[in-house]
Amino acid sequence: MYLNRLDKKLDLILERLNYSSNSVRVPIDSKFLNSFPLQDIDDLKEIEENIKSEDYKTKMKNLISSIGGTSIKNFVKRVLGRLFSNKLASECSWSGFKNNFRLDNLALIMLVKEIAYEHFKMDDSSFENIIKDWFRHGSQRLALYYTNETKKLNKLIRIYFYEFQFKKSKPLHLMSRRHFNRHTTSINKEKVGDNQSTIFASECLIPTKESVNSDNVLPSDEHPNTIEGLGLQSTNINFCNNFNDSNIPLTCDNDNIVNQLFTISGTQIEKGSILNKKLCQLIIKYKISHNCVNELLEILRSEGLDVPKDARTLLKTPKSKSHEINHIGNGSYIHIGVEFMIKPVLELYFDNLIHLDTLLLSINVDGLSITNSSKSSFWPILISFVNIPILAKIVLPVGIFHGKSSKPGSVFSFFNPFISEMTSLFSNGIHINGKKFLFSIGQIICDAPAKAFLLNVKQFNAYHSCNSCIEEGTYSNRRMCFLGIDAPLRTNESFRLKSDENYHKGPCPFEELPIDITSVVVLEYMHNVCLGIMKRLLQFWKN
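The sequence shown runs 1 to 543 under the working numbering.
Do not rely on the hints blindly, as some may be mistaken.
To be verified - Restraint ranges, calculated between C-beta atoms of paired labels, are given here:
(1) K498 - G532: 26 to 36 Å
(2) T358 - K505: 48 to 58 Å
(3) P397 - N62: 18 to 28 Å
(4) N105 - F412: 22 to 32 Å
(5) Q459 - V395: 50 to 60 Å
(6) N62 - G506: 24 to 34 Å
(7) Y475 - K535: 50 to 60 Å
(8) L497 - H527: 27 to 37 Å
(9) K535 - G484: 19 to 29 Å
(10) F426 - K535: 35 to 45 Å
(11) S35 - K98: 51 to 61 Å
Rather than coming from a laboratory, the hints here were simulated on the basis of the structure.
Don't be surprised by glycine CBs; every beta carbon is placed ideally from N, CA and C.
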């Protein structure tokens, strides 16, 4: 059974090698390439006429061969997708069913079949079924294309009309100083005219103190500038005449008006900042989702409270462009930075750290799946503080790898930014309020697969996989067992010299740091004790 399986795999490898060696990339002129994919029946008929020419047929062969594919099905679908548009595919069928254009006798299809036969093992029935299946779903692909294009168009229209044409202006109490200054200037231009520079019209009607003495106020036709029982005076007035508080010195230029307004509203601004801090504490304490916070902020804003629109603004979430995303191997990596994450924490708790000179860090690396339906996963590098009790529960991410299909391909590509920064911190430390803090790695905690990846050694189920000693394992009862109890222990020197060739797969990136690798990379408590020994002890005690 195993030999048959190996034979099939070897045959598959030979097929692909043969295909790659026979697929000669001949340059094709751009005019010829631009005629594909074919858009209608007339284009297809024209190709059928041109293909009778040997020169044109050679070009077509080169084009089809250059498309390639991993299997017969993949190859045929890739070729058809390059040659036929979805619109044309919806008008064709293998046997001409329902007055569709017939394909089974086309020279172009025969040419595709001929090239497919050269590179893949198949029969006529398999080829026909693949062709029929692809053209059968042409209408569905076309409908999906139109649906997506309609969605894109609707989105552009919505953005244009709602965000640009009907964009709501902010209430005055929510405007920033700069925004309010621009707002007052625009009001001057619209309402006052070119020859006036004050905020309101030059003639404003202001009630006199002596005239406010009647309960029945009625309009008067005889005096356009008065209301019966209420005398009005006409005056040239600008914005600063509306302030009556004698304790506030006012001047009459727009910049000073803005400054005075913000001075008056300082109490409201301070109250708003206090409210924002309380909201942040509430969100962090109860782990409220951003969607819920956004709904809450919208309600608070509708009640006139000065709060941000979005949870990211409220929580001061860093922008995604503040850190560069590097594409490494089979995924992407963002290095947030050790100093970037540690420095704010040390500044906040500086009074509790005055007696310390060296800070011990704990490092953890592990992979976690993002979804149940794909192999996409995160591999974060986490750090915490070992010798600072008040910070014992603070865990900081300093780097995150996202892989679409598997873990990081290269241990060096994954750890290089982290190792480089740690080397710098070991040498230079961090200066906080005039005090220099040095750093050292107290422990590296990983589960067995992550530990093997980090150290670049054999996985936990290999014969020479013990991280503590050089004991060779014995495979028993579907698991690897290490039966000896007196084997020599691994040391930092033997690890760096790679004395046990059966244990090491290659260099370890942490060899660049001045640490004792075998003692710093500790046995993980959860899997070795909580899920192993304690589980067995509980079973013994129960029985």
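Here's how the hints hold up against the structure:
For the pair K498 and G532, the supplied restraint of 26 to 36 Å holds, since their beta-carbon distance comes to about 29 Å. Roughly 33 Å separates the CB atoms of T358 and K505, a value that falls outside the hinted 48 to 58 Å. At roughly 51 Å, the beta-carbon separation of P397 and N62 lies outside the given 18 to 28 Å, and the hint is violated. Taking the beta carbon of each, N105 and F412 are about 58 Å apart, not inside 22 to 32 Å as hinted.
Here the CB-CB span from Q459 to V395 is close to 26 Å, at odds with the stated 50 to 60 Å. A hinted range of 24 to 34 Å for the beta carbons of N62 and G506 is inconsistent with their spacing of about 42 Å. At roughly 23 Å, the beta-carbon separation of Y475 and K535 lies outside the given 50 to 60 Å, and the hint is violated. With their beta carbons about 29 Å apart, L497 and H527 fall inside the hinted range of 27 to 37 Å.
For K535 paired with G484, a C-beta distance near 24 Å keeps the hint of 19 to 29 Å intact. With their beta carbons about 39 Å apart, F426 and K535 fall inside the hinted range of 35 to 45 Å. Here the CB-CB span from S35 to K98 is close to 27 Å, at odds with the stated 51 to 61 Å.
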